[in-house]
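A.B. asks: The lines below spell out each chain.
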Amino acid sequence: MIRPQASRTLREIAAPLGKMAVFVVGAGALFSALMVIIAFLCKGSGADKLLLDTQGINIVTYTMVNLPQVLIDGVTLGFVYAAIALGYTMVYGVLEFINFAHSEIFAIGAFAGVEFLIAMDKLGVLAAAGPMGGYMYLVIALMISMMAAGGIAMLMERVAYRPLREAPKLVPLISAIGVSFALQDIIRLVESLTTGQFYRVMPTFGDFDKRLPLFSIPTGQDSTQVDIQVKSLVVIIAAVLMLVLLNYIVNATKIGKAIRAVAQDRNTAALMGVGVNAIISFTFFIGGALGGAAGLLYALKFTRIDPYVGFMPGMKAFTAAVLGGIGNLTGALLGGIVLGMLESFAGAYLGTFTMGAFGSEYKDIIAFSVLIIFIIFRPSGLLGEQVSQKA
Amino acid sequence: MKTNLRTTLRPVGAFLMRGSTPYFMTIALLAVSTILVYLSPRSIPAFLLFAISASLIYFLKLKKPFQLGMAVLVAVVIVPILGARNIFYLEVIFQIAVFAALALGLNIVVGFSGLLNFGYMAFYAVGAYLWAFFGSQQPFLLHEIPGTAPMGTPFLLAPDWFYLFIFLGVIVVSIVGLILGLPVLRVRGDYLAIITLAFGEIIRQLANNLDKPLNLTNGPQGITPIQRPTMPKGILAWFNSICEKIVGHPVTENQFYNIMFYLIAVLVVVVVILVTARLDDSKIGRAWAAVREDELAATAMGIPANKLKLGAFAVGASFAGAMGVLFAASRTFVSPESFNFLQSVSVLTMVILGGIGSIPGVIIGAAVVVVLNLQILPSFSLFLANLRQSDAVIPIINFHWKDLSNQLDPSKYQRLIFGIILILMMIYRPAGILPAARKKRKLQGSMSAGSSGEAEGAGGPDAAASQGKGADRG
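Sequences listed follow chains A and B, in order. Residue 100 is where the first sequence starts when you use this note's numbering, and the numbers rise one by one after that. Residue 210 is where the second sequence starts when you use this note's numbering, and the numbers rise one by one after that.
Hints listed in this document are in silico derivations from the structure and should not be mistaken for laboratory results. Predicted, not measured: the structure shown is a model, and the values here were computed from it. Treat each hint with caution, since some may be false.
Unchecked claim - Not everything, but these chain B residues come out facing chain A in the computed CB check (under 8 Å):
| no. | residue |
| --- | --- |
| 1 | Phe268 |
| 2 | Asp399 |
| 3 | Ile404 |
| 4 | Ile411 |
| 5 | Met635 |
| 6 | Pro639 |
| 7 | Leu643 |
Just so you know, even glycine gets a beta-carbon here, dropped at the ideal spot from N, CA and C.
Chain B on its own, in the form it takes in the complex:
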């Protein structure tokens, strides 16, 4: 059955991959989905279609410059305009970007070097609190009891220090990663996981409790307001002069801030992707894989395992630090609850769902989880709420929808979904949706040992395309 499906699909796949078809298809799909989203800004299917056609840019066999151009077009032109039309999409994409960076950072620790880290949110928290403290009035409230800042309290730093703090976040948080990493190197495997969990909890509790003796974090209430960087002068007017007609309404300053943060986040993600990809392909990446697969053998081969593990911790943490600073500025508010264990596990879920060690996989994982969290679950909740208000009855068991408990709100059941994803992925597909290239290579190696023809069939787009061509000729 499975092979049947594959053989019937092969010509279709081959057609999609051949010649100029993928170019036309990408452009057509993008255009159609853009128009759909533009016309009906609230429809989720339209948005999902848009997301899929945007990701097709990566998956179809296209020339590099074309891919790059399309990606830039989507990221810099289409998304901001669509996002200005419905600001909620911008939020979704912003969160995808933030979590993609976090998941990529965790991927270095978990995927590349095989150290399980359950306290990853602690690094994010350190980054967020770094800017939250220096970018707010908090330094002047050290001896006050926790509460909202009194009127007229000055800010310590000018808002544009934010840009410097992104880099500072990287440095400070990677040092924190090193400090955590140093003792942690003595343990391995499951003990390491538990230690990182404990560390994450300690950081969260510290954020919760450090409102005395010195009021550093303002306790459970969190710090607000946190400054946002100033907007370049006149850019809003410029944007409105060009895009007001297209967007349909003038964009306010607050909305434009969302666009700005989205662009910064995309920039950070691009840097993160580049760094991660280069690391994966480098000597360090290979050494990480060696340590992950067999530490003893790797050490015997002269690989400095401890240094590499520390490095993985520091690099992984630094991404979270940068994103933490960005998060604090974009929300203008941080509180300890944003960094709980659920968040750490949700980032882990993204990594595992997408594919441990696989860069595109992890990004897809982040996108799926964020869309699930922000769009699908809430709309399901809304659907249930509507059912509850209607007079509908389930016929056979005679159940009145309005008797359904108010507590049943699917958007509050993220844990259930993460949990089930984790269990199912571990049992049925531990390599994730898009397994890492290295794993695939290993798989192919073992297959080619069996029969060389089969190995070609599994060789991805190239092989499929060449076989498809052969079939056409025949």
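This is chain A alone, in the form it adopts within the complex:
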């Protein structure tokens, strides 16, 4: 016999896992099906002939063979976006305010973690740690990233947003842009004063660069190997764990209830004895911590970071949050995964299908176009209920 509390805990852990699985499989299947249909339509076109000439396979086979790898990349990217998007969406849910500086929180997380790992690398412990030790250090670095990013997010709320809470809506937004810009250069200032350069490279340690072979697809004479990098696996697992934890905190704890109460009605929540300021601070902390962890995961995947690294992922994650329905936690997850897939598909196939006229460099444009289209035609996103549009 399971006690009600325990069953609830179990449910709050299982439900987001189920949702994630559904989203990943659903979005993956949808995009794959679309791509294959497009490939069939393009059969016999110039792109098809070009592929036959250069690689000896027709366009349908080409699409099919590349699909698994594209899907894996899409999911990895999608979870990173989802983790950042949750920060936007939580703050929006509570304050109805776009925390533009969230992308810099992401960068701070990345820098804090990478600096720690570089220091460990210099001490020589990373090299000596071996694969299991590598995971341990990564977990420690993640903790540091989360603390630093969450702390800065709280500080930022206290300094730049709290005085403006009752001001017209555009005022805190402009202040947030200011915070974003100031933080970028503060990171740069600190880095260049302490290390003499403003970008950092993630040290290589553990077995994160290893590729695990999954299966191979026979294509004519030879076969294409499908594999997944350990890093990508780590990114996915870490993101999934964090998302489950967040879901648990928000939906099954007392403080989560307080957050939801403040999101629904700040004044009434205050009357019911909820410490509104503390809860808003805590929301910023959680959102910041998630963003910071995502920053370190991003650094793990793409290795090089600079103070301006947050802008693009931040904008993409914001797109993801809007895509899913801003203010809606499940929506942010869905939006992140869909956007990650979209980008991965565009990056992989756009160049081939247009014969090199439009390459993968258009993936940013596609993401931004999705943002614009969604804001204009469905501002409530894929899942969100109608958001009020008070200017």
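Since the structure of chain A is provided, determine the placement of chain B on it from the hints.
C.D. replies: Here is chain B on its own, set in the frame of chain A:
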């Protein structure tokens, strides 16, 4: 303390405002600062004094014709001569003019009609690329891979089409503004800000990537050379014959081009100021303010909110279009990096620093930011570089200046400064340095409701002057 300061300053202010004093003071200050800048062309304080005394023409209580005359004298005679002596000042003033026009355009969108636009540089980019494409060899290189133009490629248009393209820039870019505005009208507030940001990024990325399938923009390398309009014949010789002695050296053709572009920019700014001021005072301006303050109420009063918002977008964009064409011709080079998000935010910073909705405020904001960017920060960088080379040591913490990181170059920290300006202005003075007249009127209205005497005290130069007179008599 504050009131004490005000009461002690009041007689001084009154003295400055009374009778013929402001006339003498303007002329004297202008003369002194002109001589100072003339004698030491590299000194920044002298230049700042000159800038301040030039702006005093506007702020002191002078007769309109005198103000106009002095402004024309400064703009057409003094600045070109000083600028020919030190071409860098001309660059500073040219940039002030360009950014003032941009900031005034953004001011119509953000200040008058209350639509936040983070992608304003996109319009500027469209204008710049318009002339960059038609005024260069690019139309003949559509099928080439990006790179520098081969020797002997002809130009599509004669250089003097430039003047037509300023107007064309206005038209084309205001159409682009309309196209962006149409869908954008469905959203409000922060969502609008994000959409415009995304739009700005899309335009920049398009400029970056449209080097294939057709090489329209030459990709990240940018388009160069872009033609400049031909100089009127003999004008250089004429200028040199008059001014060579004063300037101290003969002015070269390239330097004279700077003067010419400066004059065109000033002309455009004057037109922009006139248009903006007339719009602000017109029925449209009032309707914009109504929509900004409460759209629902405005619509209920029969104001066509959507049309007005579209209009604001188009007018604001058109200024950027004209300046974009001018920018492309004056630099003879455009690249996507000139139109990034940092630039959009720097124009926004000018508007917010100077005062949202206030025309003189926005111009002052543009001047402050440009001077900060071009003069104060670089000279601070230079100062640090010199310190780095010296053997100086900070005594107590025993820090050797030469150990200071080479990366620490203040002129690269514009973002920090813009960021801090934006935050501080939003928290402490959201109306800006020189708040808009309408806001001031509102403030006075509420004060006069409290006590009528206080309202007079806050009534600007007039009231201060009359009170000062009273104090003198007493």
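A.B. asks: Let me know if the C-beta of B:Asp399 comes in closer than 8 Å to any C-beta of chain A, holds or violated.
C.D. replies: Since chain A brings a Cβ to about 5 Å from B:Asp399, closer than 8 Å, the hint holds.
A.B. asks: Hint check: is the beta carbon of B:Ile404 less than 8 Å from a beta carbon of chain A?
C.D. replies: holds (5 Å)
A.B. asks: At a threshold of 8 Å, is the proposed contact between B:Phe268 and chain A supported by beta-carbon distances?
C.D. replies: The hint is violated - B:Phe268 has no Cβ within 8 Å of chain A, the shortest such distance being about 27 Å.
A.B. asks: Does the interface hint hold: is B:Leu643 within less than 8 Å of chain A, judged Cβ to Cβ?
C.D. replies: violated (18 Å)
A.B. asks: Is the interface hint for B:Met635 satisfied, with its Cβ closer than 8 Å to some Cβ of chain A?
C.D. replies: Holds, about 4 Å.
A.B. asks: Taking the closest Cβ pair, is B:Pro639 under 8 Å from chain A?
C.D. replies: holds (6 Å)
A.B. asks: Min Cβ distance, B:Ile411 to chain A: is it shorter than 8 Å?
C.D. replies: holds (5 Å)
When the structure is compared with the earlier hints, violations turn up for hints 1 and 7 and for no others.
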